[in-house]
Amino acid sequence: MFDLELSEEQRLVHDTVASFARDEIRPLARPSDETGAIPQAIVDKGFELGLVQGALPEEHGGYGEVRSAVTGAIVAEELAFGDLAIALHLLSPRLVAYPVLDLGTPEQRARFLPRFAEAFHPAAAAVVEPRFDFDTMRYATTARRDNGAWILNGAKCFVPLAADSDVMLVLAQLAGAEQAQGAFLVERGATGLAIGEREKNMGVKALATYEVTLKDVVVPAAMRLGGDDAASLDLLVDRSRVALAALAVGVARAAYEYSRDYAKERKAFGVPIAQKQAIAFMLAEMAIEIDAARLLVWEAAWTIDRGKPATRESALAKRYAASTVLKVADNALQVLGGHGYVRDHPVELWLRNARGFTAFEGLAIV
Amino acid sequence: MIDFELSDRIQNSRQMVHMVAEQMMRPISREYDEREHEKPWDFLKTMWSVSGSAPIGNDKSEAASSADGPRESNLASCVTIEELSWGDAGLYLTIPNAGLGGAAVLAAGTPDQKKRFLSRFKEGEPKWGAMAITEPHCGSDSAAIQTTAVRDGDHWVLNGTKIFCTSGSMAAEKSDGFVVVWATVDKKAGRAGIKSFVVEAHTPGMKVVKCEDKLGIRASDTAMIVFEDCRIPLDNVLGSADVQSATEGFKGAMATFDATRPLVAASALGIGRAALDFTREALERAGVTVRYGANPATLTALERDFMEMEADLQAARLLTWRAAWMMDRGKRNNLEASMAKAKAGLAVTRVTQKAVEILGPLGYSRNLLLEKWMRDAKINDIFEGTQQINMLVVARRILGYSSKELS
Numbered sequence: 001m002f003d004l005e006l007s008e009e010q011r012l013v014h015d016t017v018a019s020f021a022r023d024e025i026r027p028l029a030r031p032s033d034e035t036g037a038i039p040q041a042i043v044d045k046g047f048e049l050g051l052v053q054g055a056l057p058e059e060h061g062g063y064g065e066v067r068s069a070v071t072g073a074i075v076a077e078e079l080a081f082g083d084l085a086i087a088l089h090l091l092s093p094r095l096v097a098y099p100v101l102d103l104g105t106p107e108q109r110a111r112f113l114p115r116f117a118e119a120f121h122p123a124a125a126a127v128v129e130p131r132f133d134f135d136t137m138r139y140a141t142t143a144r145r146d147n148g149a150w151i152l153n154g155a156k157c158f159v160p161l162a163a164d165s166d167v168m169l170v171l172a173q174l175a176g177a178e179q180a181q182g183a184f185l186v187e188r189g190a191t192g193l194a195i196g197e198r199e200k201n202m203g204v205k206a207l208a209t210y211e212v213t214l215k216d217v218v219v220p221a222a223m224r225l226g227g228d229d230a231a232s233l234d235l236l237v238d239r240s241r242v243a244l245a246a247l248a249v250g251v252a253r254a255a256y257e258y259s260r261d262y263a264k265e266r267k268a269f270g271v272p273i274a275q276k277q278a279i280a281f282m283l284a285e286m287a288i289e290i291d292a293a294r295l296l297v298w299e300a301a302w303t304i305d306r307g308k309p310a311t312r313e314s315a316l317a318k319r320y321a322a323s324t325v326l327k328v329a330d331n332a333l334q335v336l337g338g339h340g341y342v343r344d345h346p347v348e349l350w351l352r353n354a355r356g357f358t359a360f361e362g363l364a365i366v
Numbered sequence: 001m002i003d004f005e006l007s008d009r010i011q012n013s014r015q016m017v018h019m020v021a022e023q024m025m026r027p028i029s030r031e032y033d034e035r036e037h038e039k040p041w042d043f044l045k046t047m048w049s050v051s052g053s054a055p056i057g058n059d060k061s062e063a064a065s066s067a068d069g070p071r072e073s074n075l076a077s078c079v080t081i082e083e084l085s086w087g088d089a090g091l092y093l094t095i096p097n098a099g100l101g102g103a104a105v106l107a108a109g110t111p112d113q114k115k116r117f118l119s120r121f122k123e124g125e126p127k128w129g130a131m132a133i134t135e136p137h138c139g140s141d142s143a144a145i146q147t148t149a150v151r152d153g154d155h156w157v158l159n160g161t162k163i164f165c166t167s168g169s170m171a172a173e174k175s176d177g178f179v180v181v182w183a184t185v186d187k188k189a190g191r192a193g194i195k196s197f198v199v200e201a202h203t204p205g206m207k208v209v210k211c212e213d214k215l216g217i218r219a220s221d222t223a224m225i226v227f228e229d230c231r232i233p234l235d236n237v238l239g240s241a242d243v244q245s246a247t248e249g250f251k252g253a254m255a256t257f258d259a260t261r262p263l264v265a266a267s268a269l270g271i272g273r274a275a276l277d278f279t280r281e282a283l284e285r286a287g288v289t290v291r292y293g294a295n296p297a298t299l300t301a302l303e304r305d306f307m308e309m310e311a312d313l314q315a316a317r318l319l320t321w322r323a324a325w326m327m328d329r330g331k332r333n334n335l336e337a338s339m340a341k342a343k344a345g346l347a348v349t350r351v352t353q354k355a356v357e358i359l360g361p362l363g364y365s366r367n368l369l370l371e372k373w374m375r376d377a378k379i380n381d382i383f384e385g386t387q388q389i390n391m392l393v394v395a396r397r398i399l400g401y402s403s404k405e406l407s
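Sequences listed follow chains Y and V, in order. The letter at position 154 of the first sequence is residue 154 when you use this note's numbering, and the numbering goes up by one with no holes. The letter at position 159 of the second sequence is residue 159 when you use this note's numbering, and the numbering goes up by one with no holes.
Some hints here could point you the wrong way.
Claimed, not checked - So the derived label-pair ranges between C-beta atoms look like this:
| id | chain 1 | residue 1 | chain 2 | residue 2 | range |
| --- | --- | --- | --- | --- | --- |
| 1 | Y | 118 | V | 11 | 42 to 52 Å |
| 2 | V | 293 | Y | 228 | 22 to 32 Å |
| 3 | Y | 269 | V | 159 | 39 to 49 Å |
| 4 | Y | 267 | V | 353 | 37 to 47 Å |
| 5 | Y | 118 | V | 386 | 50 to 60 Å |
| 6 | Y | 308 | V | 365 | 31 to 41 Å |
| 7 | V | 368 | Y | 220 | 58 to 68 Å |
| 8 | V | 386 | Y | 119 | 49 to 59 Å |
| 9 | Y | 339 | V | 19 | 51 to 61 Å |
| 10 | Y | 308 | V | 19 | 23 to 33 Å |
| 11 | Y | 187 | V | 16 | 51 to 61 Å |
| 12 | Y | 266 | V | 288 | 46 to 56 Å |
Derived from the structure by calculation, the hints contain no laboratory data. The C-beta atom is built at its ideal place from N, Cα and C for all residues, glycine as well.
Generate coordinates for the entire structure from the input sequences, incorporating the hints supplied.
Written as structure tokens, this is what we have:
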């Protein structure tokens, strides 16, 4: 039966994460963007909230909480309301932990999950490729079967925390199989795996991302996610899109609320500019589109939670949220005028972060 | 608990209503678009006989949970209306029922008035209810209405001219329905002086002088009604007869919109879905499939357009269902109702216009229904509060401004 009320547990999670994001992450947003560094203290605090280990099974050291993509979307929105780069950093261990949990063999779970339950453990997923026509339906990175192992070749970018990770999940096209993709657990130091310089991006500057190249990297067959009978990776892509869409809603809300409050303070022609329809209507449109995007995200997440195919829902939600956050951030900056353009205010940061969502894939997962 | 699945009851009724839309409405859709001002009586009588004709709205007495679970009548109405409008929005608007007049009675009437005015919709010949707010010189600024109600002993005497009254002709003259008329009892009192009055059909002094020729929704009559010394009983004023010191009377009347705006949004969704379904089928016949999972940079313009239409319509649908769901749960939904209406009106206007563009000659031809849906769709961006008025309501609520502070 149609219902939009959060469960009691979701309400609790929401409130906890929301105040953490507002009170502790947000003050770090600007300094982290300027220095490119995220303080370890906030990372540890985020871990203590159970962001990663909460949904891991008790047998692997986690709390064994029921995993819900809807709850994941709620958490992601709130974290990004604090700061997108810090949110992506805090959530990054999931990029390996959740795929292993969802699609891994029992051996892979036993081997890789416990490390994520102990403390914040850097992990990376290599999904995006440095091409304009990068496509999750057809990676240019290839995996070729050779003598019972896999040989990986290709280039990846936007790989978060790659330099600090001891294991990286690499998504690749299976050679000889037009439609099939595989995910591979590649360990640090593998021959042929090269991690480039830290990337310099327009936004999410506090998130350390890297270009990664793979040249004839040999991966044992047992390290293909799910082994030889691996399931489709569609679920991972869908979960990633829902997470990114939820993060986009959080960034949009940050920009909207800031510009709304500014518009009520800033006076022109003797009245707050919010009392002018030109400004008020921009704010009204932001409010409507943010709610619309959130509902699409929740619906896609709910579809995943029911175990139904969600490619359509998650793709539409991500497209909608990505275009909404860009428009909202741009209009928010416009509301502040010149003040929006200077770095004393956070709106220019949100606009830079917002622009990334059309390019982002596989940077987070619910 | 977040859940996007409609209850079995709503899903079942949706299937039945869809059959009505497909088998009874679509076949006569073009005919009654072209024969403007004529009524499909067979269809109307059938609809009257099969429907419980239950009025819709925010009757607080029903708001509590029942034995069957939480109330969901507003959401159910949204789903029904979407299906009927998928069939034909003009025909949907002219189905005999209490309509917006009924919603006004539910929102502002006393228990006695609800019984007196609404019980007729469960029996006898087909009847219509209508609501008359707009006047020749004022539309969105509904506080500026000039129609007067003057007390004379045991009666109110109404004088003024109303326009754009949906089903006005059917409610005032062609059935034993009624028209809810907004009038001022004290022009100096501004909004506080505005009240709504129920005028029974065939009351002397009430006359339909014109039915508009329109761009779309041609099966639905849009009446101009003149009130000339029209005398109605004293207790036909909805709610209390006192002029409140504050703006209570006007607010009561405005509260009607919280119930009706999601319903108008739902009608918009039905037209949009008709256009979207039609476009999808045409693309499929041409061998075009939409690759939802693909990178945006690799999509064709057609795929992009189609995905944008689909997402926009679903976004509008979820906003609409949210507003209806809130009313069902007894939550205040003034903000959310206006959000839904503003979004749906605009989304369906864009979606239908884009569909005509995509399908070229197929979209423009009167041999097919798409061009009609585009014409029908536009009204949703206008009536029951234009897009701009709804944006204004949203803006006031998110900013915490009164209508004086943000006008």
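Quick rundown of the hints versus the structure:
1. The hinted range of 42 to 52 Å is satisfied by residue 118 of chain Y and residue 11 of chain V, whose Cβ atoms lie roughly 47 Å apart.
2. A hinted range of 22 to 32 Å holds for the C-beta pair residue 293 of chain V and residue 228 of chain Y, which are about 24 Å apart.
3. Checked against the hint of 39 to 49 Å, the pair residue 269 of chain Y and residue 159 of chain V passes, with Cβ atoms roughly 41 Å apart.
4. In this structure, residue 267 of chain Y and residue 353 of chain V meet the distance hint of 37 to 47 Å, their C-beta atoms being roughly 39 Å apart.
5. Taken as a hint, the range 50 to 60 Å holds for the pair residue 118 of chain Y and residue 386 of chain V, whose Cβ atoms sit roughly 59 Å apart.
6. Taking the beta carbon of each, residue 308 of chain Y and residue 365 of chain V are about 38 Å apart, inside 31 to 41 Å as hinted.
7. The hinted window of 58 to 68 Å between residue 368 of chain V and residue 220 of chain Y holds, with their beta carbons roughly 60 Å apart.
8. The beta-carbon spacing between residue 386 of chain V and residue 119 of chain Y, approximately 57 Å, falls within the hinted interval of 49 to 59 Å.
9. Under the hint 51 to 61 Å, the C-beta atoms of residue 339 of chain Y and residue 19 of chain V, about 58 Å apart, fit the expected range.
10. Remark: the range hint 23 to 33 Å for residue 308 of chain Y to residue 19 of chain V is upheld by a beta-carbon distance near 26 Å.
11. Separated by about 59 Å at the C-beta atoms, residue 187 of chain Y and residue 16 of chain V satisfy the suggested range of 51 to 61 Å.
12. Judged by the Cβ atoms, the range 46 to 56 Å given for residue 266 of chain Y and residue 288 of chain V holds: they are separated by roughly 48 Å.
In summary, this structure violates none of the numbered hints.
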